[in-house]
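Number of protein chains: 2
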Amino acid sequence: MQILPPALTDLIEAFGALPGVGPRTAERFAYYLVRHSSDAPLKLAESLKDLQGGIGYCKKTFALISADQEYSDLYTDPRRDKTIVAVVAEPFDLVALEKTNQFHGTYHVLGGLVSPIDGISPEQLHIQELVQRIDEDKVTEIILATNASVEGESTALYIQQQIGNRDVSITRLARGLPVGVDLEYADQITLGRALEGRRAL
Amino acid sequence: MQILPPALTDLIEAFGALPGVGPRTAERFAYYLVRHSSDAPLKLAESLKDLQGGIGYCKKTFALISADQEYSDLYTDPRRDKTIVAVVAEPFDLVALEKTNQFHGTYHVLGGLVSPIDGISPEQLHIQELVQRIDEDKVTEIILATNASVEGESTALYIQQQIGNRDVSITRLARGLPVGVDLEYADQITLGRALEGRRAL
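Residue numbers (our numbering), protein chains in the order written: chain A, 102 to 302; chain B, 102 to 302.
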C-alpha cells in the first residue's frame, strides 16, 4: 500500500543523501516544500542542475571558479599580492581566510592532504604546481594554512622538502587561544602551543 | 571580487530556504555535492522537479497521492475499514499513525486547524467533507487525532458540533505517560492526564 506518493518518497530519499541529514530531517525538508507551494523547489532544482556545468578549477590556484573563467579573481585581481601564497587543503578553506579581510595575497589549493590510509599520495596533490609558482610569480612567502592534524603536518613537511633551497620564507598560522575563550576551558595542547608561541607586549 | 562561483553561491542560497538550514549548513550541503561528484545533485534536482506535477490530494481523505491517482490507497484498499476514520490536521500526521501498524481504518486530513490568529476559519478546513463521509460510508467511529493544543482542542469541539446527533462514536487519542519515560521526569499536565485516563488492570 502506498502511504505517500512516490514523488515525495523519492525526494525524501534524495535529501537523505546530504551530509548529516537523517530520514526525519529529509522528511521535514520535503514536507516543507510541499506545504509552501512557492518556487523554492524549482529554484533549488535549477541551482542543482547548474552546479554540474557551472564550476571549474582555477589553473593557477585550483580554487573553485565559474566554468567560463580560466583563473580565479583571487589570482587575477591586481590588488592581490602574488608574492604571498596561502596554501590550503580544500577549496572552501580559503573562504574562511577571505572572511577575515586581513589577507591580501593569493591562494593555492592542494586538493587534499597526504594520507596513506585514504590512498592519497603527494603526487595526487597540486604540490608541483605550487613549486612552479614560486619561480614564476617570484613568491617571497608561503603560508602553510593546513589543519594541525597528522595529515596536515606531514603535508606541510613534504611541501617544505619540495621547496628545498629556494629563497622563500615558509610560515604557519599561529596556534593559540581562540579569541574570547577562557584560560580555564582551553585544552592542554592548545595551551601548550599558546605558551610556545607567546609574544612580547 | 568573486570568492566562490555564482553556481555555488546560488545553490547555497537555495539550500538556505529549507527549514532549520542556516548559512553554515547550506554551505556544508553545497560543498558536499561539489566534492562528491556523483549523480546526487542531479537526482535531487529531478526529484524536486517531479514534486510539482507529481502529487495531488485524495478526493475523499485529502491525503497526499500521486497526481495520476484519484483516491488514496489508504481509502480504496479493501482491507481498510471505511467505518472508522482517524481525523488528522496535516497530510503527514497519518504517516506517524501508519507506522504503528495498529490502525486499519481510513483517514481524513483536515488541512490545518482552526486558528483565528493565523486567519484559518473552520470553513477553510475539510470538515463538511468529513460530515458527508459519515453518511456516505456509514462511519461508526471518528477518532480525533489532533494535537493537544488550543487549536487542536477547538477544532475537535467544532467537529463534534458539526457531527451533531449522528449515530457515531467520537473518540480521542489517549493522553498519558510516553512508553519508556520515568514518572519523575513526566511533566505535570501529562501526569494529570495519565491519572484522569487510568485504566483497570
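Mixed in with the good hints, there may be bad ones.
When the alpha-carbon atoms are kept at most 27 Å apart in a straight line, the in silico DSSO-like pairs for lysine-lysine are as follows [what the hints assert, rightly or not]: (1) B:Lys200 / A:Lys144; (2) A:Lys150 / A:Lys160; (3) A:Lys239 / B:Lys160; (4) B:Lys144 / A:Lys150; (5) A:Lys150 / B:Lys160; (6) B:Lys150 / B:Lys183.
FYI, nobody ran anything at the bench for these hints, they're computed from the structure.
Results for each hint:
| no. | hint | in the structure |
| --- | --- | --- |
| 1 | B:Lys200 / A:Lys144 | violated (32 Å) |
| 2 | A:Lys150 / A:Lys160 | holds (24 Å) |
| 3 | A:Lys239 / B:Lys160 | violated (73 Å) |
| 4 | B:Lys144 / A:Lys150 | holds (10 Å) |
| 5 | A:Lys150 / B:Lys160 | violated (34 Å) |
| 6 | B:Lys150 / B:Lys183 | violated (34 Å) |
When held up to the earlier numbered hints, the structure conflicts with 1, 3, 5 and 6 and fits the remainder.
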